[in-house]
Amino acid sequence: MSFLEVLYFIVPSALFYAAPLILTAIGGVFSERSGVINIGLEGMMVIGAFVGILFNLFFADTFGSLTPWVALLAAMVVGAIFALFHAVAAITFRADQTISGVAINMLGLALSLFLTKLIFEGKGQTDYISERFNRFGIPYLEDIPFIGPMFFKDLYGTTILAIFIAILAWVVIYKTPFGLRVRAVGEHPMAADTMGVNVNRLRYISVMISGALAGIGGAIYSQTVTGDFSHSTITGQGFMALAAMIFGKWHPLGAMGAAIFFGLAQSLSIAGNAIPYVQDIPAVYLQILPYVLTILALAGFIGKATAPKASGIPYVKGNR
Amino acid sequence: MSNRTVNILVPAISVVLGLIVGAIVMLVSGYSPVAGYSALIEGIFGDSYRIGETIRQITPYILAGLAVAFGFKAGLFNIGVEGQLIVGWFAAAYVGMAFDELPKLIHLPLAILAAAAAGAIWGLIPGLLKAHLRVHEVIVTIMMNYIALYTVNGLIKYISGGKEKLDPIQETATLRSPMLEALTDFSRLHWGILIAIAMVAVMWFIMEKSTLGFELKSVGFNLHASEYAGMNVKKNIVLAMVISGAFAGLGGAMEALGTFGYVSSKGAFTGIGFDGIAVALLGANNPIGVVFGATLFGALKNGSLNMPSAAGVPLEIVNIVIAIIIFFVASGYVIRLVLSRLSNKKGGETK
Amino acid sequence: ACGTSDDKGSSSKGGEKEDNFTVAMVTDTGGVDDKSFNQSAWKGIQDFGKENGLEKGDNGFDYLQSASDADYETNLNQLIRRDFDIVFGIGFLLQPAIEKIASQQTDAHLAIIDAEVDAPNVASVLFKEQEGGFLAGVTAALMTKTGKVGFVGGMDIPVINRFEAGFLAGVEAVNPDIKVDSVYTGEFSKAELGKSTANRMYGSGVDIIFHAAGATGNGVFTEAKERKAADPNANVWVIGVDSDQYAEGQVDDKTNVTLTSALKRVDLAVQTIANEAKDGKFPAGTSVYGIAEDMIGLADSRGAIPADVQAKIDEFTEKVKNGDIEVPEAVK
Amino acid sequence: MLNIRKEFGTFVANDNITLQLKKGEIHALLGENGAGKSTLMNVLFGLYQPEGGEIRVNGKTVEITDPNVANDLGIGMVHQHFMLVENFTVTENIILGREPNKYGTVNVKDAAVKVQELSELYGLDVDPNAKIEDISVGMQQRVEILKTLYRGAEILIFDEPTASLTPQEIHELIEIMKRLVNEGKSIILITHKLQEIMDVSDRVTVIRKGKGIGTVNTSETNPDELASLMVGRQVVFKTEKTPAKPTEEVFQIKDLVVEDYRGIPKVKSLNLSIRKGEIVGIAGIDGNGQTELIEAITGLRKVKSGHILLNGQEITGKKPRKVTEAGIGHIPQDRHKHGLVLDFPIGYNIALQTYYKEPISKGGIIDYKTITENANSIIEKYDVRTQGPMEPARALSGGNQQKAIIGREVERDPDLLIAALPTRGLDVGAIEFIHHRLIEQRDKGKAVLLISFELDEVMNVSDRIAVIYDGAIIDTVIPEETNEQELGLLMAGHSDKGNSLEVGDNGHV
Ligand SMILES: Nc1ncnc2c1ncn2[C@@H]1O[C@H](COP(=O)(O)OP(=O)(O)OP(=O)(O)O)[C@@H](O)[C@H]1O
Ligand SMILES: Nc1ncnc2c1ncn2[C@@H]1O[C@H](COP(=O)(O)OP(=O)(O)OP(=O)(O)O)[C@@H](O)[C@H]1O
Ligand SMILES: [Mg+2]
Ligand SMILES: [Mg+2]
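Protein chains in written order, with our numbering: chain V, 1 to 320; chain G, 1 to 351; chain Y, 1 to 332; chain S, 1 to 509.
Don't read these hints as lab results, they were simulated from the structure. Some hints here could point you the wrong way.
Below, in silico cross-link-like pairs of lysine to aspartate or glutamate (DMTMM-like), each with a Cα-Cα straight-line distance of 20 angstroms or less [claimed, not checked]: (1) V:K317 x S:D127; (2) Y:K254 x V:D61; (3) V:K317 x S:E133; (4) V:K317 x S:D66; (5) S:K369 x G:E227; (6) V:K249 x S:E86; (7) V:K175 x S:D15; (8) V:K175 x S:D110; (9) S:K211 x S:D66; (10) Y:K43 x V:E121; (11) S:K319 x G:E227; (12) S:K114 x S:D127; (13) V:K123 x Y:D314; (14) V:K317 x S:D110; (15) G:K163 x Y:D279; (16) Y:K50 x Y:D253; (17) S:K357 x G:E164; (18) Y:K56 x V:E121; (19) G:K209 x S:D159; (20) V:K317 x S:E7; (21) G:K163 x Y:D244; (22) V:K153 x V:E142; (23) V:K309 x S:D110; (24) G:K163 x Y:E99; (25) G:K165 x Y:D279; (26) S:K357 x S:E411.
If you want the footprint, here are the derived chain V segments under chain G, 3+ residues with CB under 8 angstroms [what the hints assert, rightly or not]: (27) 7-21; (28) 53-67; (29) 113-121; (30) 226-238.
Glycine included, each C-beta is placed from N, C-alpha and C at the ideal position.
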């Protein structure tokens, strides 16, 4: 492949790969900004992936080509409800948030597979969906030399959605009263409390937002990539999203950038097969690249990341 | 109610609640909880074969649980037990395979040590990063899990010349025992359980009897004060991760030298490391508690295999139950609250 | 020391047992409905059951699913203890387990698909995947318009290598000038890898991709379907593997991207072995099945392949069948 | 507030306490550590719900269920520990919870203007756009006050507002309080400093162990009476001590330079020496290098250049453990973070410096019985009030925690004992006890280095006072030969002896 061809392949496929990660990572940003650690993103994505496929299968006749989009809504709602488990444990029951997240991951997968077997008569995977997201080119823009083929030719609606939500999340977190309060609650909940901000309610809302976004992320993944749901549909994407959130320093746009970066690494490892020199590198190196990069980033080679101060600590009124 | 009673009651109540939720899920889904749990119990204790298999399953759980618990005691959350276990598995299997003509007395310990060393190295990296660069161990260990998975797969391929598994280990490196197998009707029960129990004692000794344990706990609770008191905080953090990793690596050795006798490419994680978190949690990070936690989860996991065939219930139900148990143990605060309310009421009446 | 299991079997179930010949199988982690060889094997067992008037359960046929590779031995053991007359291990992953158990339970009859176990009580079944790959290669070479075709493999293991070798040979047999873009994703369960790889291939002018990559291959189908949906005139095809993957290629009511599939009749193989065992001719040792045994072939293209092309394919099939063409097992 | 009762479990923190606040007065609330002052105020502010009693505002009975209700009633609180989000700006902190809105987004610009106006109205100098983490403690406190004013508070509660302020800042704060009262606001002031009460308050309410003792007019009382009301016995203020009999020099610091974590020098060519049998007090405003100095001595921070000698031996750059073993004891300034492992039993905490040596540890094996025995003896000797050595350190009150630390350090009999803010936040009884211990140590012929922000303490306890300013000792004075005025000027960088005159231009905001 020529260099340009490589770019024309890598950029769109990185954006495509990044979309579910962006949404899920931003979900993580909301939760952790409010002071609730969310290792459970993976489990929430699994639920989203499952609900997305299930809805798509059952309602394709009703909604036609709109089905995948409506399925995202369904996954969003169910994801938010599922996140309540984490919220109740972490906020009301004052559980260790990391452990509660681990439980969420286990529960998400076990529940989805259990239901799959229940609904599909013992089978370990669902049928294939018939209504998919389709990519498109944006007229005129896709003809711009260089930029066009990279950004506007093979575009997915889901990628646009993810970028839009990233920008929206940035506005919400940094520009609105709600965002100011969320950040305050994650930094110094007692300060917020004395100012009349309802700490636990905000945390509930934030955790549910994270479930909703991870749900959408999962549903995008299952509907764009696998087309069905099984135990191997979501295998680590939630953890990648978590890494993207940290890599992006708990900032929505940073998380988006990190997710796209991971997308690039992934695409590179695929395009690598056809690029001179790169193709001689054993596959292992390319496979572990995103994970190694994340560690390097965390180790401060790409600037220091600091978590919200109060994250991980349940808020108990009156405890100094 | 004494503190001790409460500490035992919380996990016990969580287990009961988990099983109740499991029963409700089965009921709502149209399965019979009675049939389901009978199949489960049958799968655990049904006969000597199943008991042997259950104990075999418990073995790596004990070690994974110890690994997580050891980290917790030193204030570290080692989610990387999974990866450490995988590299330990590989190291033991490789050493077990590669050397022939070694006497068993040397070969077997060598393979076991190799596993511990590999796990320790896998723990060393996040330990160093935490101690010297203050990188949070949770994320690093998660990433290390994936790196372990792919690296081991790559190594297997490289060493075997493109195959997906290494040759089986030599007889001189095996933990298996014809006697134990005969005793349990050809289950895969092996001597590893003794190693696991020995490690329980080791952890107990380090934490409760040694000066090192005092330091590790102190650093775990408050590294600033520990530093002020002249402890070498960095050394302790690294050491805690290394020891934790070594326990995890031994868990891998159990699979390599006992259960399987070889290592093969993995498409996904073994899950033992993640279950180790639950085991440690249920055991309140106490070595003896870990044995109980491992026994429970080992039994549940192994028994669940019998559920689809004997009762038609998907075996995922057991994972649901385990997740719920973790929820409740982690939410121990609420259970304690309810317990103290109850005992207060009682106390008031008797007074 | 090995009398125990027999005693138990005959004492607990002996009385009620009718004189059925019973069969069972253990899946690998893919599960019984993996739309691949596990499913195919289960179909074979069910068909055998139907033929012989058996019912699912201890007295007829059954399967156990493995949740992880730690379960293979347990599951095999369990089925043997339930006294099935023959127990299949499906997939090369079960090879060590079968080997071990065969040496312990010397009275039991075992069989393994896709691997060889050297024991007097094990029947090993291998397929000439290279012949399936060959037919796929021939088809692709005859159908390509761009002169570029692709192969997407899962893990780089002997079974998949045979598919690849056959595919390359098939393409070359038709037209050595056709370029083959051949890639191993290293995974059987990462659809996104399959999708991106297919995207790159189609993007670089490949128009037909043959996949042998399990669930990773789902991504190949997804990519092809998306391209077809975006542009109904897009010239993209997928050749499926193992079973007829027509359903995977369905874009909408009218369009389908599955050109054909390289069939591997695990179901037939299972049935054959079971029947032989039933007739008291348990085929210990290794059976290798290929086109000649009708165990390898192509699926119905449902019109995607024109008759003249089909005729040429049939010619090649015949040549392989009667030995005129020997398909290599390994890439040269 | 009438007959307020507040229980935590079985523990009664407030037992029928009555406090009546008149409009326009400054009403002081006095009591020992743990007497229940903060609890009472948190009840008033709606953070806690009382088990009994009633609260009336302007004669009307009200139920204050949460801080919002308190705000609406015009009650504002400046908390003992600042309630500020560090990485927010001043304005963001002030408007949090009541954000002015524009098209759904926060209107930061208008808010900043409003904050500016408010700050000018009450003479509370703040920079609305500065981040909290970048401003001084004094300014942070003004932000706290502005928070209440922004919400239209008429009643302001100040919980120990002066504990962490410099004398100058305290002075400014007192001015501010007076101005607020003149504007018609009413103030409840909690402080342990009797002099402040005498200076600013109109009336004083004293509580002891959760019970109200009574209310007196400030003009009709004196510090001695207040102290005995509070403690329930006679208290001696002036720490009694015989003159020091210092002998040879035991500890020297020569040309010490220490940098902070950003590489900015915080200790600059500092020289200091201490003799056996004397207490040297370091007086200075927070942030002039005290922390870095202590950390450098104790081996917690790298030394850039210079020397530290104990008994003539170089201890520069040694590891903390080596420094301790060389003969230095250290009472850290932040006992929760650095002094104690709060989740460890108090007995283990007492062993924190000796656990690794005989007789506690032998060959890597630790003997918990010896730990308990040692702990018991220190607990008794230092009057640490606890249920026993296995009680978690967290459960002890601040004063008792501090006593345990002092016991731990003093019992090792170090040649030099460093005491950093040893009495911060403690009540007079505990302070008295701790001062005695320091003097006792001196009388045994040991050297003591006392770092304190409280002039009283430095004047009372030290035999010599070294004034630190901008990382150097700019003067050394004898307590008997100086006064607070002179010290205050020195601390601000004015050295009237002319030799090292430096005017505080980079001073303290
Ligand atoms: N000396 C040290 N050696 C190794 N790790 C440390 C050390 N000090 C802190 N850490 C770890 O590094 C991370 C950040 O430490 P830091 O001291 O900045 O935070 P903190 O003390 O918890 O918070 P704060 O800054 O509010 O006091 C924490 O995870 C902490 O456990
Ligand atoms: N949330 C709580 N739960 C249990 N006990 C508490 C709680 N808050 C305070 N206490 C206890 O109530 C008593 C009064 O505490 P409070 O903070 O009101 O004291 P204070 O007079 O403000 O002391 P200080 O001078 O140290 O600030 C103390 O014994 C304290 O331990
Ligand atoms: Mg810090
Ligand atoms: Mg107080």
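Against the structure, the hints:
About 31 angstroms separates the Cα atoms of V:K317 and S:D127, which puts this hinted pair outside 20 angstroms; it is violated. For the proposed pair Y:K254 and V:D61, the alpha carbon gap of about 16 angstroms is at most 20 angstroms, so the pair holds. Pair hint V:K317 plus S:E133 does not hold up; C-alpha atoms about 24 angstroms apart against a cutoff of 20 angstroms. For a cut-off of 20 angstroms, the pair hint linking V:K317 to S:D66 stands: about 11 angstroms separates their Cα positions.
In summary, the hint linking S:K369 to G:E227 is not supported, as the alpha carbons are separated by about 24 angstroms, beyond the 20 angstroms threshold. The suggested pairing of V:K249 with S:E86 holds, with an alpha-carbon distance near 17 angstroms, which does not exceed 20 angstroms. Proximity of V:K175 to S:D15 is assessed by CA-CA distance (about 46 angstroms); at most 20 angstroms being required, the pair is judged violated. Between V:K175 and S:D110, the direct Cα distance comes to roughly 14 angstroms. Compliance with the 20 angstroms bound is thereby established for this hinted pair.
Annotation: proposed proximity of S:K211 to S:D66 is violated, straight-line Cα distance about 24 angstroms (limit 20 angstroms). Between the alpha carbons of Y:K43 and V:E121 the distance comes to roughly 16 angstroms, so the proposed pair stays at or under 20 angstroms and holds. Proximity of S:K319 to G:E227 is assessed by CA-CA distance (about 10 angstroms); at most 20 angstroms being required, the pair is judged to hold. For a cut-off of 20 angstroms, the pair hint linking S:K114 to S:D127 stands: about 12 angstroms separates their Cα positions.
Restraint check for V:K123 and Y:D314: the C-alpha separation of about 36 angstroms exceeds 20 angstroms, so the hint is violated. Restraint check: the Cα-Cα separation between V:K317 and S:D110 comes to about 32 angstroms, which exceeds 20 angstroms; the hinted pair is violated. At roughly 36 angstroms between alpha-carbon atoms, G:K163 and Y:D279 are farther apart than 20 angstroms, so this suggested pair is violated. This hinted pair does not check out: Y:K50 and Y:D253 have alpha carbons roughly 33 angstroms apart, beyond 20 angstroms.
Our distance criterion of 20 angstroms between C-alpha atoms is broken by S:K357 and G:E164, whose separation comes to about 53 angstroms. Simply put, Y:K56 and V:E121 have alpha-carbon atoms about 15 angstroms apart, close enough for the 20 angstroms limit, and the pair holds. Taking the CA atoms of G:K209 and S:D159, the gap is about 45 angstroms. The hint is violated against a cut of 20 angstroms. The straight-line distance between the Cα atoms of V:K317 and S:E7 is roughly 15 angstroms, inside the 20 angstroms bound, and the hint therefore holds.
Distance check on the hinted pair: G:K163 and Y:D244 sit about 28 angstroms apart at the alpha-carbon level, beyond 20 angstroms; violated. Among the hinted pairs, V:K153 with V:E142 is consistent with the structure: their alpha-carbon atoms are about 5 angstroms apart, no more than 20 angstroms. Taking the CA atoms of V:K309 and S:D110, the gap is about 28 angstroms. The hint is violated against a cut of 20 angstroms. For the hint linking G:K163 to Y:E99, the alpha-carbon distance of about 18 angstroms falls within 20 angstroms, and the restraint holds.
Our distance criterion of 20 angstroms between C-alpha atoms is broken by G:K165 and Y:D279, whose separation comes to about 36 angstroms. Between S:K357 and S:E411, the direct Cα distance comes to roughly 15 angstroms. Compliance with the 20 angstroms bound is thereby established for this hinted pair. Here the segment 7-21 of chain V counts 0 residues with a CB under 8 angstroms from a CB of chain G, which misses the bar of 3, and the coverage is violated. Beta-carbon proximity to chain G at under 8 angstroms applies to 0 residues in the segment 53-67 of chain V; the threshold of 3 is not reached and the given coverage is violated.
Against chain G, the segment 113-121 of chain V contributes 4 residues with a C-beta closer than 8 angstroms to a partner C-beta. That satisfies the three-residue criterion, and the hint holds. Using a Cβ-Cβ cut-off of 8 angstroms, 3 residues of the segment 226-238 of chain V lie near chain G, which meets the minimum of three, so the contact claim holds.
When each numbered hint is compared with the structure, violations occur for hints 1, 3, 5, 7, 9, 13, 14, 15, 16, 17, 19, 21, 23, 25, 27, 28.
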